[in-house]
Amino acid sequence: MSDGRQVGIVLVSHSGPVAEAVVELARGLAAGGSTAPVAAAGGTSAGGLGTSAELIAEAARTVDRGAGVALLVDLGSAVLTVKSMLAEGDELPEGSRLVDAPFVEGAVAALVTASAGGDLDTVEAAATDAYGYRKT
Amino acid sequence: MLDTDFFRRWMAATTAAVDREADRLTDLDAAIGDADHGSNMRRGFTAVSDVLDKEAPATPGAVLTLAGRHLISTVGGASGPLYGTLLRRTGKALGDAPEVTPDQLAEALGAGVAAVAQLGGAQAGDKTMLDALLPAVEVLASSFEEARDAALAGALATVPLRARKGRASYMGERSIGHQDPGAASAALLVGALAEAAEPSGGGDA
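From first to last, the protein sequence lines stand for chains A and B. Each residue of the first sequence is one higher than the one before, counting from 1 in the numbering used here. Each residue of the second sequence is one higher than the one before, counting from 137 in the numbering used here.
Read the hints as simulated data drawn from the structure, not as lab findings. Don't be surprised by glycine CBs; every beta carbon is placed ideally from N, CA and C. Worth double-checking, as some hints may not be accurate.
Claimed, not checked - Computed beta-carbon distance windows for the label pairs:
1) A:GLU24 x B:GLU235: 50 to 60 Å
2) B:PRO335 x A:GLU58: 40 to 50 Å
3) B:ALA194 x A:GLY28: 51 to 61 Å
4) A:LEU25 x B:SER279: 53 to 63 Å
Could you put the whole structure together from the sequences, leaning on the hints where they help?
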């Protein structure tokens, strides 16, 4: 716990609908009631496929409660854009972190953990652990 | 010495080159990627030229830092953070100096290229923009023309390579036989240095 403040989650996909749908899925699977703050940053500002640094920065600001922000990404430019924003240092809230996790499974694990009051390290560990869940 | 105006001319000449070659870059990307490299780069460098006109940064380092930041926010594909990091790190390495020597630029661009390699996790021979940038940085202190030729040769040398990074790597063997679009655009950026150094300037983007 970090004095009742929850970790925020940002889901960055090349596609706006994918990011929105995974937010909805994670909220739905994170049991009833209220969840930790979570926001989608999908596609470009113009609504196309791609990555928008502006949408990512805006989503991170929206979910930031002072306990850190976990960013989960799909691939390619989503990964590189978040990495380069973190390297810059002032575009994302303090305590923002790129979390290495499978996008859908990691989003669910991260949101459940953040909603239960886990701190940023715990949220990151839960999301990354989702890689270990084998399907065959 | 290279002053702030030189760096503005460099960005203007790059914008003009990217605009002129956008269709070729997109065609190269259509073969092994997702056919948006030309339009993405054109959008990014058009935004760079616009903001440089508006804000008139005062030092060489500030020109490149501002340009890099705008590439990251406007390109929309992987080339945004890659080229953005390249210019921003190069700009930061130049510091606040009002003028820099070609040696200092070569060293700073070397730092920028290293940052790109770290961001993308790529090496020489992976069929990426690094294959044009690395040989160019090595000879940049000698002359911009040599750097331009080295970058072009490096870009052409990506044709027989197999892609190991990015979307093109999913194609495996089928990526062989095509020039890497990122290496092709990197050669335009390096070539624009020579244009910016010409007396007439390359500034009419």
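Hint by hint, here is what the structure shows:
{"no.": "1", "hint": "A:GLU24 x B:GLU235: 50 to 60 Å", "verdict": "holds (55 Å)"}
{"no.": "2", "hint": "B:PRO335 x A:GLU58: 40 to 50 Å", "verdict": "holds (45 Å)"}
{"no.": "3", "hint": "B:ALA194 x A:GLY28: 51 to 61 Å", "verdict": "holds (52 Å)"}
{"no.": "4", "hint": "A:LEU25 x B:SER279: 53 to 63 Å", "verdict": "holds (57 Å)"}
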